[in-house]
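Numbering-wise, this note's numbering comes out as the position in the sequence shown, counting from 1, plus 81.
For the record, the hints were derived by calculation from the structure and aren't laboratory data. No residue lacks a Cβ here, since even glycine has one placed at the ideal position from N, Cα and C. Hints should not be assumed to be uniformly reliable.
[Stated by the list, open to error] Only pairs whose alpha carbons sit at most 27 Å apart, straight line, appear in this in silico BS3-like list of lysine-lysine: (1) 229 to 271; (2) 297 to 247; (3) 109 to 90; (4) 203 to 214; (5) 214 to 264; (6) 153 to 203; (7) 264 to 153; (8) 153 to 243; (9) 290 to 314; (10) 314 to 229; (11) 211 to 90; (12) 219 to 243; (13) 109 to 153; (14) 219 to 203; (15) 214 to 314; (16) 229 to 153; (17) 311 to 247; (18) 203 to 263; (19) 109 to 219; (20) 282 to 263.
[Claimed, not checked] Just the calculated beta-carbon pair ranges, DEER-fashion: (21) 135 to 208: 38 to 46 Å; (22) 133 to 227: 34 to 42 Å; (23) 283 to 221: 39 to 47 Å.
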Amino acid sequence: MTLHIRSKKVLDELTQNPSITSRSLEKKLGLSRRQLSYTIDKINEWLIQNDLPVIERTRQGQFIIDQSIYSKLVGNNEKIKAASESVVLSVEQRITLILLMLISSEEELSLNHFVYELGVSKNTILSDMKKAKKLLAKYDLNLIYSRKWGYYLTGTEFQIRKLLAKVVSHMMQIANGEEITKKLANISDKQIDEFRHRIIKVENQLSYKYTDEKMKTMPIILILILRRIKNGKLIED
């Protein structure tokens with residue numbers, strides 16, 4: 082299990098400001114009481130899987146966070162920060178990241194999600210999205226926004242998967258692209274290793290050798306396709 086975007090955002094806020102109250106956190110992140118409770122439950126599931134104590138809440142709406150959680154997150158955050166700070170993204174690369182988030186996310190995406198992950202202004206994201214729509218038109222896809230579902234893609238699943246393969250390939254050409262992809266798409270190293278072992282078995286059975294580039298992109302593509310299938314995104318024709 083990996084943390085989704087909203088869960089990571091809430092956990093970041095809690096570790097950076099442990100004295101924050103539930104009400105303040107809801108207001109700051111634009112979450113309802115129900116959304117925050119659901120997110121805390123997901124965070125606690127992740128903590129349990131990583132042999133860490135859960136986050137507790139007092140009746141006054143304050144949070145109790147064990148010190149071991151901070152120790153765990155410092156190493157992960159430094160790794161991600163080092164990967165992202167070493168990259169100055171072009172417009173085309175930002176569009177690629179936006180498309181990756183749209184294809185891989187399992188939750189509703191608001192404008193704030195993109196601002197938070199890409200580290201640019203709302204106006205920059207909106208401008209990038211206009212350019213992304215031109216690229217999507219080549220695949221007969223469109224980028225839609227609704228208050229209920231946030232930002233999402235419309236079009237055939239077959240075309241979305243073609244776009245997925247192209248996006249992942251482009252991500253591997255960005256400096257630290259693999260680390261950024263795993264972060265944005267919520268993919269763990271364990272998942273990557275598992276699928277690489279599967280691919281190696283196929284190579285041995287077929288007496289065939291995939292290129293290094295394919296060995297980087299195929300696990301991610303397969304993981305995201307299976308995730309979409311799990312979420313009911315099927316090719317019908």
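These are the hints, each one checked on the structure:
1. About 33 Å separates the Cα atoms of residue 229 and residue 271, which puts this hinted pair outside 27 Å; it is violated.
2. Taken as a hint, the residue 297 and residue 247 pair is honoured in the structure, with Cα atoms around 13 Å apart against an allowance of 27 Å.
3. In summary, the hint linking residue 109 to residue 90 is supported, as the alpha carbons are separated by about 11 Å, within the 27 Å threshold.
4. Between residue 203 and residue 214, the direct Cα distance comes to roughly 17 Å. Compliance with the 27 Å bound is thereby established for this hinted pair.
5. Our distance criterion of 27 Å between C-alpha atoms is met by residue 214 and residue 264, whose separation comes to about 24 Å.
6. A hinted pair counts as satisfied when its Cα atoms are at most 27 Å apart, and residue 153 with residue 203 does not qualify at roughly 31 Å.
7. Distance hint between residue 264 and residue 153 is fulfilled; the C-alpha atoms sit about 16 Å from each other, no more than 27 Å.
8. A distance of roughly 37 Å separates the Cα atoms of residue 153 and residue 243; the hinted pair therefore is violated under the 27 Å criterion.
9. Between residue 290 and residue 314 the alpha-carbon distance is near 30 Å, which puts this suggested pair outside the 27 Å criterion.
10. Restraint check for residue 314 and residue 229: the C-alpha separation of about 19 Å stays at or below 27 Å, so the hint holds.
11. Annotation: proposed proximity of residue 211 to residue 90 holds, straight-line Cα distance about 26 Å (limit 27 Å).
12. Taking the CA atoms of residue 219 and residue 243, the gap is near 11 Å; set against the 27 Å cutoff, the hint holds.
13. Among the hinted pairs, residue 109 with residue 153 is consistent with the structure: their alpha-carbon atoms are about 25 Å apart, no more than 27 Å.
14. For the hint linking residue 219 to residue 203, the alpha-carbon distance of about 25 Å falls within 27 Å, and the restraint holds.
15. A threshold of 27 Å between alpha carbons decides the hint, and for residue 214 with residue 314 the separation of about 21 Å falls inside it, so the pair holds.
16. Of the pairs offered as hints, the one joining residue 229 and residue 153 is violated, with about 34 Å between alpha carbons and a cut-off of 27 Å exceeded.
17. Taking the CA atoms of residue 311 and residue 247, the gap is near 21 Å; set against the 27 Å cutoff, the hint holds.
18. Between residue 203 and residue 263, the direct Cα distance comes to roughly 23 Å. Compliance with the 27 Å bound is thereby established for this hinted pair.
19. Taken as a hint, the residue 109 and residue 219 pair is broken in the structure, with Cα atoms around 38 Å apart against an allowance of 27 Å.
20. Note on residue 282 and residue 263: the hinted pairing holds, with a Cα-Cα distance of about 23 Å set against a maximum of 27 Å.
21. One distance hint, 38 to 46 Å for the beta-carbon pair residue 135 and residue 208, holds here, with the actual separation near 41 Å.
22. As the Cβ distance of residue 133 to residue 227 is approximately 36 Å, the hint placing it in 34 to 42 Å holds.
23. At about 31 Å, the CB distance of residue 283 to residue 221 disagrees with the hint of 39 to 47 Å.
The structure is inconsistent with the numbered hints 1, 6, 8, 9, 16, 19, 23, although it conforms to all the rest.
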